[in-house]
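A.B. asks: Protein chains in written order, with the working numbering: chain A, 41 to 305; chain B, 16 to 359.
For the record, the hints were derived by calculation from the structure and aren't laboratory data.
Source: prediction; values computed, not measured.
The beta carbon of each residue, even a glycine, is placed where N, CA and C say it ideally should be.
Some hints could be false.
Examples of chain B residues lying across from chain A (beta carbon under 7 angstroms, computed) [claimed, not checked]:
no. : residue
1   : ARG50
2   : ALA119
3   : ASP133
4   : THR135
5   : ARG145
6   : TYR146
7   : PHE147
8   : LEU149
9   : THR153
10  : ILE154
Quick list of in silico lysine-lysine cross-link-like pairs, DSSO-like style, CA-CA up to 27 angstroms [as the list claims (entries may be wrong)]:
no. : chain 1 : residue 1 : chain 2 : residue 2
11  : A       : LYS72     : A       : LYS141
12  : A       : LYS72     : B       : LYS221
13  : B       : LYS351    : A       : LYS141
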Amino acid sequence: MQTTLVRSRFRPPQVSRRFIPVWRRNFLVWRKLALPSVLGNLADPMIYLFGLGFGIGMLVPEIGGVSYISFLAAGMVCSSTMNSASFEVLYSAFSRMHVQKTWDAIMNAPVDLDDIVFAELVWAASKALLSGVAILLVIAAFSLVDTRYVLWLLPLIFIIGVSFGALGLVMTALAPSYDFFMYYFTLFITPMTLVSGVFFPAEQLPAAVQFVASLLPLTHAVELARPLLLGKAPDDIVLHLGVLVAYGAAGFWIALGLTRRRLLG
Amino acid sequence: MTGARVGSVHPPAAVGRLSVAPAARSALALPLEIRGLRKRYGDTEVVAGIDLTLRAGECFTLLGPNGAGKTTTLRCALGLTAPSAGEIRLAGLPVPERAREARARVGVVPQQDNLDPDFTCAENLLVYGRYFGLDDATINARIPELLAFAGLESKRDARIQSLSGGMKRRLTLARALVNRPELLILDEPTTGLDPQARHLIWERLKQLIRAGTTVLLTTHFMDEAERLADRLAILDAGRMLTEGSPREVIAAQIEPQVVEVYGDWNGSGERAEGTISGAQAWAETHAGAFSRRFEVSGETAFCYLEDAAPLLAHLAQQPGLRYLRRPANLEDVFLKLTGRELRD
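Please take these sequences and the hints and turn them into a complete structure.
C.D. replies: In structure tokens, the structure reads:
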């Protein structure tokens with residue numbers, strides 16, 4: 041009996057169009073605070089981009105034929121997308137689920153938990169996209185990038201948002217309190233940022249580290265974003281996209297199963 | 016626009032027409048049918064075999080101490096948790112299989128306020144209505160009457176944090192009516208409210224019942240059940256101990272008269288002084304002569320009687336003893352069935 045229960049919790053997601061009003065709820069909250077939210081999301085990557093870009097850029101004349109700051113731009117777009125999506129599904133979604141009981145209120149309406157978790161995922165990716173667009177505009181304004189393929193960054197940012205949103209939702213489903221998220225950032229997000237080619241090319245890392253990095257979603261995000269921002273078509277597009285989508289799909293499925301266990305017990 | 020009037024006990028009376036009541040209903044299906052419901056968590060059976068049928072238009076109350084299984088029963092009925100055994104039909108649809116559809120015809124007031132703190136009163140109603148698939152024009156047309164029903168017209172654009180506990184409850188009630196439900200489910204709707212706020216909620220619920228809404232509510236307040244319920248069931252340890260109208264339950268379960276005896280009693284000297292005193296000593300020696308059933312709780316003896324006259328005549332001769340005679344009520348039934356020990 042226990043096994044059938046567990047199996048049924050990890051049954052396939054059944055998402056209906058009712059996820060849309062849940063997404064709209066989050067969008068309406070965001071719209072009220074849009075300017076501070078975008079500026080807040082913009083500040084961090086910009087400080088890194090210009091601080092490190094100019095500072096280290098003095099020491100490193102160029103990487104792969106481009107200035108360090110242009111190299112760094114793609115890394116900043118990817119890592120800030122990751123952070124934006126992660127923060128949304130960790131702290132904000134946890135507030136809605138656990139503290140404000142917003143999800144409980146919604147589940148009393150004809151909306152299922154599957155719709156809610158899916159809406160949170162799509163919302164996290166949407167919010168990442170909104171912040172990502174702001175960063176792209178700044179980067180473009182400073183002529184740090186080649187704008188030929190820059191529009192391809194928009195769907196890519198959304199997919200990166202889905203990948204990290206889904207991974208974060210797994211943590212949210214397991215979290216007893218906000219403190220729990222600190223581990224996720226210090227043990228997963230931060231080390232990943234250092235080995236995934238955000239600040240420096242991953243090729244200079246030891247082979248073992250490079251192998252681990254090749255399994256991480258951020259690596260594949262950077263592999264796609266960097267050439268696009270430098271006006272080139274990426275290599276192995278299917279592979280990189282496949283990894284990002286796989287993380288998103290598997291993460292969502294697991295997160296949904298764990299959330300069902302948590303809330304529908 | 017801030018209204019000092021809003022917190023008052025008599026909100027604007029523009030609620031007579033009550034268009035918040037359910038729209039024309041198909042009405043063939045029973046609002047809720049529960050057969051043999053069981054819910055087990057590990058080794059604990061929280062709901063241990065409940066049968067319950069709601070008739071359209073009635074107010075049914077689940078009365079029980081904390082942990083009796085009231086909330087779990089509601090969660091099962093709404094399809095928010097899968098029962099271990101039993102059958103549920105909500106608005107005629109099998110639950111949990113078609114719970115999402117069924118909930119479209121139900122309104123819920125949860126035990127814990129979960130209004131959206133990021134929104135104003137009106138936005139809370141708008142956003143909640145969207146969850147039911149209603150379009151913005153439809154919801155916006157309903158918002159004024161819902162706010163009027165809740166006595167919150169002047170709080171339309173107020174933040175949730177600025178509302179009192181009673182206002183939040185009323186807004187939660189209004190929110191539950193946004194889809195014009197046939198069945199309204201309330202989980203301890205007045206817990207934590209002051210008497211004024213409780214009376215106002217009761218008035219609103221009576222209006223809804225009069226207008227044809229079926230109401231299922233849980234409570235541990237006897238007066239709430241006695242005031243509102245057409246029928247009630249007393250629950251304890253996951254079982255229904257009795258069911259019927261408040262009068263039927265009282266008549267079936269308990270003697271019609273209660274005499275509460277307390278105060279000092281020196282007795283007739285049959286007992287050594289100081290061992291037991293007061294009403295307890297009196298009850299041990301005399302209560303049995305007058306009433307088939309009596310209980311001593313703390314300093315008070317409760318005597319349950321068919322006819323109180325002989326006991327009252329006796330008590331009139333006992334200086335020091337004080338007493339109170341009253342008709343038996345639900346609380347007596349409740350305490351008889353569920354015991355007097357604390358449930359924490």
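A.B. asks: When the hints from earlier in the document are held up against this structure, which numbers fail?
C.D. replies: Structure breaks hints 1, 4, 8, 9, 10, 12 and 13.
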